Amino acid sequence: MSLVDLSGLIVSLVLTLMVFSYLLGENPLSRPLYRIALHVFIGAAAGYTVVLIGWYVIWPRLVVPLRDLALSGVPSASLIISAVPLILSLSLLFKLLRSSLSQVGNMSIAFVVGVGAAAAVGGAVTGTLFPQVRAGAAASAFPLADLPRLADLSSGAFERLVDAGVFLIGTLSALLYFFFSAQRAPAGPARPAAMTVVATIGTVFINVAYAALYAGAVAASLALLADRVAFLREAIGKLSFQ
Amino acid sequence: MKRIIPTAIAVAVGIVTLLGYFIDRGEFKVPQLVLLNWATTLAAVALLVGIVNLLRVHAAKVGASNVNSFYSLLLLLTFFGVVGVGFWLGPAGAPARWVFRYLIAPTEAAVGALLFFFLVFAGYRLLRVPRSPWWAAPVFVVVALIVLIGLAPLTIPGTEALGGIHNWIVQVPAAAGARGILLGVALGVIATGLRVLLAADRPYGD
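Residue numbers (our numbering), protein chains in the order written: chain Z, 1 to 242; chain D, 243 to 448.
It should be emphasised that the hints constitute simulated quantities derived from the structure, not laboratory data. It should be emphasised that the depicted structure is a prediction, and the values quoted were computed from it without experimental measurement. Heads up, a few of these hints could be off.
Stated by the list, open to error - One side of the interface only, derived from the structure: several residues of chain D facing chain Z at Cβ under 7 Å:
hint, residue
1, I246
2, Y263
3, I265
4, L331
5, I346
6, L357
7, A386
8, L393
Ideal placement from N, C-alpha and C gives every residue a C-beta, glycine not left out.
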C-alpha cells in the first residue's frame, strides 16, 4: 500500500469513527469528535463544490466564450449575448452586500426564479402529469376480453380485476385527499361528507405508500451502515498488517 | 420601479421558457435553451454566493473567539485547503480525487449510516405518541415491517408467505398511493409556478 493510500485509509477510518461517536450520546468526548468530523466534511464539500463550479461552469461558460470572442473580433451582438450571463452573475454578487445595493442582485434572482418556475411547470406537465396519468390508466385498465374468465379463479382474471380496482381507487383517493377546500359549517369549516370518506380512504393509501418508502430508506441506510462496518473491519485489518 | 423591473424580467423569461416546452418550433426552442443555459450558470454562481456567505458566517465566529471558534476555524482551513489542491491540478487531479475518495465520500457514507438509527427511533416513537387517526401508526409499522422483510436478501424462516404480500403491497396499494402523491405534487408545482409567472407571487424582492 502506497503512502497516499495509507494516509487516506487512516483519514477515512478516523472520520468514520468520529461520526459514529454520535451514537455514544451527549458526552464531553463524543460531542466534539462528531462536530469536528462534521465541520471538516462541510469545509471539504464546500471547497470541492467551489472547485467544480470554477472548473466546469465559470471558466468554460463565462470566461472562455468572452475571451474567444474578444480575441477573434466577431460582431458585437454575439459579444453582448455572451456577456449577459456574466453581467447577471456579477449583479448576483451584489447580494453579498449588506446595503441597498444588494437590490441590484434582485434582477438575477428574478431571472433564475422566472426560468425555474417555467421549467418546473413544463417539467411537471410533460415529465410527471402526463406520464403518471398514462401509467395510472394502464395499471387500472382491465381488458374486456378477460370478463368471461372471471369465474375461473385459476385464470388470474379476478386477481387482475381486483388489482386494477384497488389501483384506481388508491390513485384517485390519494389525489383527492389533497383537495383542501371546505364548506362553511356551524362547527367550523368542513369538507363535504363524500369528500371526507374519499379522503379517509386516500389516507390509507398515502400511509401505505409512505410506509413502503420508509422501509426503503431504512434498507438503504442499513446497507450504508453494513458498508461502513465492513470498511472499519477491513481498514483495521490492513493497518494491523502494516 | 425597483419591483417592476425584476417582475418584468421574471415574467418575460418565464413565458419564453414555457413556450419552448409546448411549441416544438425552432423560434421557441432556441431562446428556451439559451435561457435555460444562462439560468444554469446563474444557479451555479448563486451556489457560490451561498458558500461565500457560509465562509463569512464562520469567519465571524472565528473572530468572536468562543467555544465554537475552533470548529469554524477547522471548517475554513479545510475549505481553503481543498480549494487550493482542487485548483492546483483540477478536480480530476490526484489531490482532489484523494479528498473526494478519502474525506468526502466516507464521511457522507458514515452520516448516511447514522440515518438508520434515526429512522428506527422515529418508527418506535410513532407507535408511542398517540395520533389521529388511531389506526395510522399501526398500519404504517406493519406495512413497513412486511416491506422490510420482503427486501431482506435472505429468506427469514417462517416468513416465506410474506414475499407475495410484500410484492402485492409494493406493486398495488403503495404504487397507487405514491402515484396519487406524485400527481398532487405535480398539480401543486404547476399552480405555484403559474402564480410566479403571472406575478401573483414575487419571491425575488427584498
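How the hints compare with the structure:
{"no.": "1", "hint": "I246", "verdict": "violated, 11 Å"}
{"no.": "2", "hint": "Y263", "verdict": "holds, 3 Å"}
{"no.": "3", "hint": "I265", "verdict": "violated, 11 Å"}
{"no.": "4", "hint": "L331", "verdict": "violated, 10 Å"}
{"no.": "5", "hint": "I346", "verdict": "holds, 5 Å"}
{"no.": "6", "hint": "L357", "verdict": "holds, 4 Å"}
{"no.": "7", "hint": "A386", "verdict": "holds, 4 Å"}
{"no.": "8", "hint": "L393", "verdict": "holds, 5 Å"}
Violated hints, listed in ascending order, are 1, 3 and 4; each of the other numbered hints is respected by the structure.
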